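Chains X and B, in that order, are what the protein sequence lines are. In this text, residue positions in the first sequence follow our numbering: the first is 64, and each later residue adds one. In this text, residue positions in the second sequence follow our numbering: the first is 64, and each later residue adds one.
Hints in this document: simulated from the structure, not taken from any laboratory. Being a predicted model, the structure only gives us computed values, none of them experimental. Be careful, since some hints might not be right.
Copies of the same chain look alike in the list, so a pair counts if it works inside one copy or between any two.
Stated by the list, open to error - Simulated pairs of lysine-lysine, DSBU-like, Cα-Cα distance not exceeding 30 angstroms: (1) Lys163 with Lys91; (2) Lys91 with Lys141; (3) Lys163 with Lys130.
Number of protein chains: 2
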Amino acid sequence: MTYLEKLRHRIAVTGSGLCVGLDIRLEKADDAARAFIADVITQTAPYTAVYKPNSAYFEALGWEGMKLLEETIAMIPKDIPVILDAKRGDIGETQRYYAKACFDILGADAVTLNPYMGRDTLEPFLDYQDKGIYLLGVTSNPGAVDIELQTLQGGGQVFELVGKMTAQHPQAGLVLGLTNATPETLARIPDVPLLIPGLGAQGGDVAALHGAARTAPCVVNVSRGILYAEPELTFAQKAEKWARVIAGK
Amino acid sequence: MTYLEKLRHRIAVTGSGLCVGLDIRLEKADDAARAFIADVITQTAPYTAVYKPNSAYFEALGWEGMKLLEETIAMIPKDIPVILDAKRGDIGETQRYYAKACFDILGADAVTLNPYMGRDTLEPFLDYQDKGIYLLGVTSNPGAVDIELQTLQGGGQVFELVGKMTAQHPQAGLVLGLTNATPETLARIPDVPLLIPGLGAQGGDVAALHGAARTAPCVVNVSRGILYAEPELTFAQKAEKWARVIAGK
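Starting from the given sequences, assemble the full structure and let the hints guide the process.
Written out as structure tokens, the structure reads:
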């Protein structure tokens, strides 16, 4: 089963496109950390379409953190796909090693990539035909204005170039932050799989998505909103709540 | 001493801007790998202005590879600075963790960053005031045409936006691949520190640099040309040769 088939199946099962972002702020890669992550996964799994660990939080713990990242991905039930949020981008020759790290070593089903360096940075990842990639289109941070939203000669904005690159590859999707993407932005990108950051702590209104006539699977990430917000609720309660919000219920 | 002071001193000592790229293709992170890396460093150190390990090659070996990357950086003599080639780029909150990984955990003096997501992706790295960053401007690969070299409304190309971002921060430099950067390109970027990939295996003519009136330190990376080309020569002989080529002698 390809990544996208696995994802579509999981969206159907849960009735929602909840992506649980595993941006876990830990002091040490120890047994307490492992227990925390196992608890989050066990409680949120019934409501989760896809998990998205962000590599940065694990790398910050040194090689022990990378070991913990391997273990974290291995803990996730096999029917729930995993997007490794790594935002890698390098020349093709080097990307082959990143692809090996993400897919063969860590066992992710999909990965986020930075498209700035262009087409040959995607190819080594696309060679894994059952895997997925998400290219950064419009991100949710203030700096999106600096390059992503700049206007090109002849019209269109930089992120639209990424939209076109995405549409050329059936394995590819687009990262689209709702804080910076207006309904007009959404109308100008092709019907490709979307990964939406920027709900919860980062802000952003998911209602804009429900009006759009899109057929490709769309998932919406919630990280801090489940891991650290509302400590009076369980991870399960928060996941259930966000899954409903994302489904528009 | 800041990264740039350390770099200037080292360029003066060696008489060249040779950056030795540690893009080491290994099967396993074992004692043989450690011995190979130690041999490369010992032989090339006298001619090296700066070392540049690329994270991808170590990540592809799993967490044992990340341990080897820590060990590799620790092997480098303290007077020779280290650029970690990681091309990271994420929202500010997440970049703080990447900065911690690159500087506090791995002990690099500088790091390459991907500028696509804009200004707030730089700040957590700039907070380390004795460290350096290099932003991807024009890279050496075919895909540079897809975004980097696109023309903006009102004139100028996308990479020039990155040139301007670079010039705003004294700690920042620019990655400029000579295969895609014409003399006209070079004339349009500010006098900021440059990191030039694309000599040796990637091609590119360093003579273009010597004509330009630039005062900021410029280093030129050679990786495969020292590690894997001309096996009949020692690493020391190849480093000495490339240092001369880069110095224009």
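Status of each hint after checking the structure:
1. Lys163 with Lys91: Both: 26 angstroms inside a chain and 13 angstroms across chains, each within 30 angstroms.
2. Lys91 with Lys141: Both: 26 angstroms inside a chain and 27 angstroms across chains, each within 30 angstroms.
3. Lys163 with Lys130: Answer is both; intra-copy 16 angstroms and inter-copy 17 angstroms each pass.
Checked against the numbered hints above, the structure breaks none of them.
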